[in-house]
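Chemist: In case you want the letters, here they are:
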Amino acid sequence: MTLLRCEGLSLRLLRDVDLAVSDGERLGVVGESGAGKTTLLRALLALEQPDAGTVTCRGRQVRPGSPRRLGWFRRLVQYVPQDPASTLDPRRSVRELVALPVQRLGTPDEGRRMRGLVDEALDAVDLPGSLRDARAPQLSGGQAQRVALARALVLRPALLLADEPVSGLDLPLRAQVLASLRAAFERQGTSLLLVSHDLAAVAALCHRTVVLADGRAVEDVPTRQLLRAPQHPSSRALVTAVPTLP
Amino acid sequence: MPLLDVRGLRVDSASRGLLQGVDLTVEPERRVGVLGASGSGKSLTVAAVLGLLPPALRATGSVRLAGAEVLGVPAARRPPGARPGVVRQDSAGALHPLLPVGRQLALPLGGSRAFARARVLETLESLGFRDPGRIAGALPSELSGGMRQRVCLALALMTPSSLLVADEPTTALDVVTQAGVVSLLRDRTGPGTGRALLFVTHDIAVVAALCDELVVLSDGRVVEHAPVEDVLASPGHERTRELITAARTVEAHLYATAEAP
Amino acid sequence: MVRLLSRVLTVVAVVAVVGLLPWLSGRDPALTVLRGRSADQEATPEALAAVREQLGLADGPLALLGRWASDVLRGDFGTSWVSGAQVLPGALSALGVSVTLMAFSFVVVLAVAALLVAPSLLGVLRGSPRRTSGAVAAALTALPEFLLATALLVVVSVWLGLLPPYGWDGPSSAVLPALAMGLPAGGLVGRLIADAVATSGAETWVSTWTAAGAPRAALTRGLLLRAVPPVLPQIGLVAVGLVGGAVAVERVFAIPGLGRTTLGAAQTQDLPVLQAGMLLLIALGALLGVATDVTRRAVLGRAARAGGLVIPSSGHVVRRRDRLVPLTALLLLAVLVLGGLAGDPYAADRGRLAGPSGDLLLGADASGRDLLARLGQGAATTIATALAVCLAAYAVGLLAGLLPNATAGPVEVANAAPPVIAGLFVAAVVGPSSTGAAVAVLLVSWAPLASHTAALVAEAVAQPHVRVLPVLGVGRTRALLTHVLPMVAGPVLRNAFLRLPGVALALAGLGFLGLGPQPPTPDWGLVLAEGMPYVERAPWVVLAPALSLVALSVLAVSASALAPSVRRRPGRSARPATAQRAEPVG
Chain A
8 MTLLRCEGLS LRLLRDVDLA VSDGERLGVV GESGAGKTTL LRALLALEQP DAGTVTCRGR
68 QVRPGSPRRL GWFRRLVQYV PQDPASTLDP RRSVRELVAL PVQRLGTPDE GRRMRGLVDE
128 ALDAVDLPGS LRDARAPQLS GGQAQRVALA RALVLRPALL LADEPVSGLD LPLRAQVLAS
188 LRAAFERQGT SLLLVSHDLA AVAALCHRTV VLADGRAVED VPTRQLLRAP QHPSSRALVT
248 AVPTLP
Chain B
4 MPLLDVRGLR VDSASRGLLQ GVDLTVEPER RVGVLGASGS GKSLTVAAVL GLLPPALRAT
64 GSVRLAGAEV LGVPAARRPP GARPGVVRQD SAGALHPLLP VGRQLALPLG GSRAFARARV
124 LETLESLGFR DPGRIAGALP SELSGGMRQR VCLALALMTP SSLLVADEPT TALDVVTQAG
184 VVSLLRDRTG PGTGRALLFV THDIAVVAAL CDELVVLSDG RVVEHAPVED VLASPGHERT
244 RELITAARTV EAHLYATAEA P
Chain C
820 MVRLLSRVLT VVAVVAVVGL LPWLSGRDPA LTVLRGRSAD QEATPEALAA VREQLGLADG
880 PLALLGRWAS DVLRGDFGTS WVSGAQVLPG ALSALGVSVT LMAFSFVVVL AVAALLVAPS
940 LLGVLRGSPR RTSGAVAAAL TALPEFLLAT ALLVVVSVWL GLLPPYGWDG PSSAVLPALA
1000 MGLPAGGLVG RLIADAVATS GAETWVSTWT AAGAPRAALT RGLLLRAVPP VLPQIGLVAV
1060 GLVGGAVAVE RVFAIPGLGR TTLGAAQTQD LPVLQAGMLL LIALGALLGV ATDVTRRAVL
1120 GRAARAGGLV IPSSGHVVRR RDRLVPLTAL LLLAVLVLGG LAGDPYAADR GRLAGPSGDL
1180 LLGADASGRD LLARLGQGAA TTIATALAVC LAAYAVGLLA GLLPNATAGP VEVANAAPPV
1240 IAGLFVAAVV GPSSTGAAVA VLLVSWAPLA SHTAALVAEA VAQPHVRVLP VLGVGRTRAL
1300 LTHVLPMVAG PVLRNAFLRL PGVALALAGL GFLGLGPQPP TPDWGLVLAE GMPYVERAPW
1360 VVLAPALSLV ALSVLAVSAS ALAPSVRRRP GRSARPATAQ RAEPVG
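Chains as they are written, first to last, in our numbering: chain A, 8 to 253; chain B, 4 to 264; chain C, 820 to 1405.
Treat each hint with caution, since some may be false.
[What the hints assert, rightly or not] Interface residues of chain A toward chain B, partial, derived using beta-carbon atoms under 7 angstroms:
1) Gly66
2) Leu178
3) Ala182
4) His204
5) Asp205
6) Ala211
7) Leu245
8) Ala248
9) Val249
10) Pro250
11) Leu252
It is worth saying that the hints were derived from the structure and are not from the lab. Glycine residues also receive a C-beta, built at the ideal position from the N, C-alpha and C atoms.
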């Protein structure tokens, strides 16, 4: 069943973009900088009203609005930002950070078992118990990354939108984070929409890939087909540009 | 005689040693990649070469550039041949924000206005800009990151020094733009161009695509310095092996996905 | 849109308050008019009623305002209640004098600023940009105009007999006033630009240019183009501040300028003259503000919109000796207060103008009162008042800063208004008093704190961990109150406390002009003003309060150097392009 869909989406440089993610599916959106990836995410997260077109989640239309009106949507669709470490409030502890979505978006029932939920989410990302009362500045890059992931997963959303989650990381750490992301998705069956300029990251995680160029979706194919035989010139440029060791 | 000769470079802050005796040479027309994680000391080494070490740090050892000892000498007081051209990660900060890039590119040029403008347009065109007139009139903030980086490269190539220092120039760029900048660097430095390259990065794949020699820094020391193909074939240090393994793991996904039925 | 509306409304409100002065004024204007017309006329109820009828006070505020506004638009500012003469011609000739004086002081400002900026520029050109210690600039900035004017008058005119002490005839009489106004302003402008040059000299593009072999002249031009526009708004404020400085300086040197005229009118309750003077002073200030803004846009051209503007962040490190200076000044002031609290500031039981001696450490004033006791008591009350003003300004500033768009207009006006203008306003409405002075200083001192709050809020709101909040189900109001406010409240409070000496100085300045506490209150400014006529016979009656005020000034400036740099107009300055990393949230 279709989980999140946008049809005829136009906003700033985006022109008439259609795409859809089904339950359990992992979709990549790739493109050069300036292709409109960030704008697309803003529209899909209901942070901005598109000039034209619609965003629907499980068949229900999504528009920007107050947290109360959009609560159902935020429970279903969560977000892992670029450079997740910087999105952790340095003044709050790891537990408080992960508990925030439960307080604001959760049901009263979940509020009662908040501590359990938080610990489950932190277990799922393998964050050691000794770090759970630490504050963000005391965490390493990889640990902060995992806390941000736990915060996004604590309410067990059906879909995660991720924005270049590994592009700021050193190569060894990048491999490690990609592996743990993949494990988390396979275990929970969460869907993913991954936005990146890096085909290597998309290849590691996504079944299907949409290529965005100059605000249009120019290719929408299974990832392996894109890597083997890219059709559009932008797709070819992306595929050949990935630096590899001889 | 090497173009750049760094010997026993030590940099200490008040509390601890940051560089523990770095030795590094760049021969004329060679491309040397410097690889290291953040905190390995690569930025400090570059700062010492460029004359930009913070005054609070104490530096000892020797940095000879084109025959002149330059350690601790700011670029403004060096002979022209010992002021290397620079391309950096932050291309926005590397240009004056309030002047059109054409005016900045004309700075090193003497002669009449018309002559300078012609040279600037010519240089921009040779770096792959299709509309050099428009670029010359634009402010740095009106260009994309990749375009700005190419403008910085143009300015760096106008310096009289025969060394070009590139400090993580592709880190902030997307992969397609990165490939373009790397290929420009490959064309403009190395054998036959009269210019050597010191390329600093944390991405071993980019070094492999661009450089002749590879230097690996770890904890303020050089742990490996050899031709790139030798290092890839038989890494001599634990740290180098880690970097290569990580790069291969990420790549493996690419191949595995592409070749899956 | 909200910003524009807020600005327009603020200007309208200010002009309306000026127009309503006769109605707002607590005392009966009819009495003033009657006294002015003929001293011996009996103030009978009938006579007073006739005058009221004539002034149209009975018609209510709106009719009064409408009549005043339409008269002003026709160029009719009415007649003076005191002299009965037409107001406008006198006000215009006074304006001419003030503008000439300001032109002279601009020359001083330029010269001082150039001298202070040169070392910074040279440092960058030699490849070692460094922040100058700023001691000279700080010393210049330390002295408020009324104090510097007094000092110059005493030393140069009275003791050395070099230049005329009073009046306005020929260029020689403009030298001292121009110095009194230009030295502090030039020190401030020079320090701002020198700091900005040193900061931008450490930016990456300088090394790019140096490596490329850019000529020194080009590098100098590039540096000034980079450093000056971001501080131009602050330079504009300094220029507007000169208008306030002119009031004090004209008063000290008895120059028939607009400031002195307006001040006189405030003291005699000559409201038509006061209204015209205030209107012209405000217009002059606004004109200077607009002029700097236009200059900034002209210099920047397209770049103003391109977002390439970053206010060079001050990488200022507080060194130990930076703290030494304010601590010494603080200690001196503490000794003064403790020494003075023992004596009686009101008892006139000493010899008139008695010199300093064993049991009369600072001497006595013209009424035979103990100067040490007066200064000590004055310090205690001034500091208590200043503390109250600071706390009130903190509360108002914090609230206003949370709504930067709606409060943009009031913040700009209050930021630009010198305390003296606010003091004139308040004194005209409720008469001069120490409460009035406190209110006047509060009227202007909340604005820098609001700017600071707004800048910090803008910074906080741009932080990724705040921008992500909507996705986590945290609404705007809640995010502002539970996430942003706690980040902002502490730094702004520290800023408010560091402004305490500056506020105390502003209070003393109002006291000096007679807009604050009235005799025999032992206010510092008042003590200094009372001593002025006796400066030749008994220098200590001026020296003691002047030196106390110098200590306070040093404290004010050195403390403000410890304060975080306040970015004006945070909405306008873009972040560096690297910070505008593509991020969908926010």
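Chemist: Would the hint on Gly66 (chain A) stand, with a C-beta cut-off of 7 angstroms toward chain B?
Modeler: Where the cut-off is 7 angstroms and the nearest Cβ of chain B is about 31 angstroms from Gly66 (chain A), the hint is violated.
Chemist: Would you check whether His204 (chain A) satisfies its interface hint, that is, whether its CB is within less than 7 angstroms of any CB in chain B?
Modeler: holds, 4 angstroms
Chemist: Measuring from the C-beta of Leu245 (chain A) to each C-beta in chain B, is the shortest one below 7 angstroms?
Modeler: holds, 6 angstroms
Chemist: For the hint on Ala182 (chain A), does the least C-beta distance to chain B fall short of 7 angstroms?
Modeler: holds, 4 angstroms
Chemist: Using 7 angstroms as the Cβ threshold, decide whether Ala211 (chain A) counts as touching chain B.
Modeler: With Cβ-Cβ at 4 angstroms, under 7 angstroms, it holds.
Chemist: Holds or violated: is there a CB of chain B closer than 7 angstroms to the CB of Val249 (chain A)?
Modeler: holds, 6 angstroms
Chemist: Should the interface hint for Leu178 (chain A) be scored as holding, given a Cβ-Cβ cut-off of 7 angstroms against chain B?
Modeler: Holds - the Cβ of Leu178 (chain A) comes within 7 angstroms of chain B, reaching about 4 angstroms at its closest.
Chemist: Hold the hint about Leu252 (chain A) up to the distance rule: shortest CB distance to chain B must be less than 7 angstroms.
Modeler: holds, 5 angstroms
Chemist: Quick check on Ala248 (chain A) please, does its C-beta sit within 7 angstroms of some C-beta on chain B?
Modeler: Holds - the Cβ of Ala248 (chain A) comes within 7 angstroms of chain B, reaching about 4 angstroms at its closest.
Chemist: Just to be careful: measuring from the Cβ of Asp205 (chain A) to every Cβ in chain B, is the smallest value less than 7 angstroms?
Modeler: With a minimum Cβ separation of about 6 angstroms from chain B (threshold 7 angstroms), the hint on Asp205 (chain A) holds.
Chemist: Go through the hint on Pro250 (chain A) and say holds or violated, using the shortest Cβ distance to chain B against 7 angstroms.
Modeler: holds, 4 angstroms
Hint compliance for this structure: hint 1 alone is broken.
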